[in-house]
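Chemist: Sequence:
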Amino acid sequence: MMGSGNMNLPPGFYFSPTDEELVLHFLYSKASLPCHPNIIPDLDLSLLDPWEFNGKALSSGNQHYFFTEKKGNRSTENGYWKEIGVTKSIVSSDADNKVGIKKYLVFNLGKAPQGTETNWVMEEYHICSSGFNTASCGRRRNSDQSWSKWVLCRVYEKRSQSQQGAKCYSDEDDSGTEVSWLDEVFMSLDDDLEEISLPN
229 MMGSGNMNLP
239 PGFYFSPTDE
249 ELVLHFLYSK
259 ASLPCHPNII
269 PDLDLSLLDP
279 WEFNGKALSS
289 GNQHYFFTEK
299 KGNRSTENGY
309 WKEIGVTKSI
319 VSSDADNKVG
329 IKKYLVFNLG
339 KAPQGTETNW
349 VMEEYHICSS
359 GFNTASCGRR
369 RNSDQSWSKW
379 VLCRVYEKRS
389 QSQQGAKCYS
399 DEDDSGTEVS
409 WLDEVFMSLD
419 DDLEEISLPN
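Each residue of the sequence shown is one higher than the last, beginning at 229 in this note's numbering.
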């Protein structure tokens, strides 16, 4: 499944996994068993701009899911994906182990570093092998590198209330003040921290 054919779900179905489910049930299977059947396709990030994912990635609502090989250069024909410097740990709910991390990126039109920021956002999921019990796997040492080969991406377009483009995004708070998508990221991290109980 390399992006051929329409990967949209049929009417009535909605793909809405949690971060933990994306890592444990999809990315882990991809990393440990590359030939394992998966409903999420493999795509070459450098060949597609974000508005071209529909019909090639697994699309559910306005969100597009796909696997891609981990690369330092995330440039496309018309722009590039830029990390915003926010990384979130993904912890398993049953064992409190860190099983992965999620990085946030935004798509910029043009050439780096002078690109124009858009409202396309990518959440890039990385597996954390230290969070898994792989003692029964005799080839762990040899598989560590392949574990970092694949990342799982969720791409979506933030709705803008500004006709000027990239920097003002939807969702106003109760006071009527616009909240940027970057502020939303930090607020979601604050909510996660409140749910974590620290040992005495």
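I should point out that these hints are in silico values taken from the structure, not numbers from a laboratory. Do not take every clue at face value.
Simulated restraints on C-beta separations [unchecked claim]:
no., residue 1, residue 2, range
1, Ile-312, Asp-272, 35 to 43 Å
2, His-264, Glu-311, 22 to 30 Å
3, His-253, Leu-337, 13 to 21 Å
4, Gly-300, Ser-321, 39 to 47 Å
5, Cys-263, Lys-339, 18 to 26 Å
6, Leu-261, Thr-344, 35 to 43 Å
7, Glu-280, Gly-300, 20 to 28 Å
8, Pro-239, Asn-301, 20 to 28 Å
Derived SDA-like pairs (lysine to any residue); straight-line CA-CA distance at most 20 Å [as the list claims (entries may be wrong)]:
no., residue 1, residue 2
9, Lys-258, Ser-320
10, Lys-298, Tyr-308
11, Lys-330, Asp-247
12, Lys-316, Ser-274
13, Lys-386, Leu-337
14, Lys-258, Lys-310
15, Lys-331, Ser-244
16, Lys-310, Ser-320
17, Lys-299, Ser-320
18, Lys-339, Arg-302
19, Lys-284, Arg-302
20, Lys-310, Cys-263
21, Lys-377, Ser-244
22, Lys-339, Ser-274
23, Lys-298, Lys-331
24, Lys-284, Ile-329
25, Lys-284, Pro-238
26, Lys-331, Thr-304
All C-beta atoms in this analysis are idealised placements derived from N, C-alpha and C, irrespective of residue type, glycine included.
Chemist: Okay, which hints does this one fail, numbers in order?
Modeler: Failing hints, ascending: 1, 3, 4, 5, 8, 12, 14, 16, 17, 20, 21, 24.
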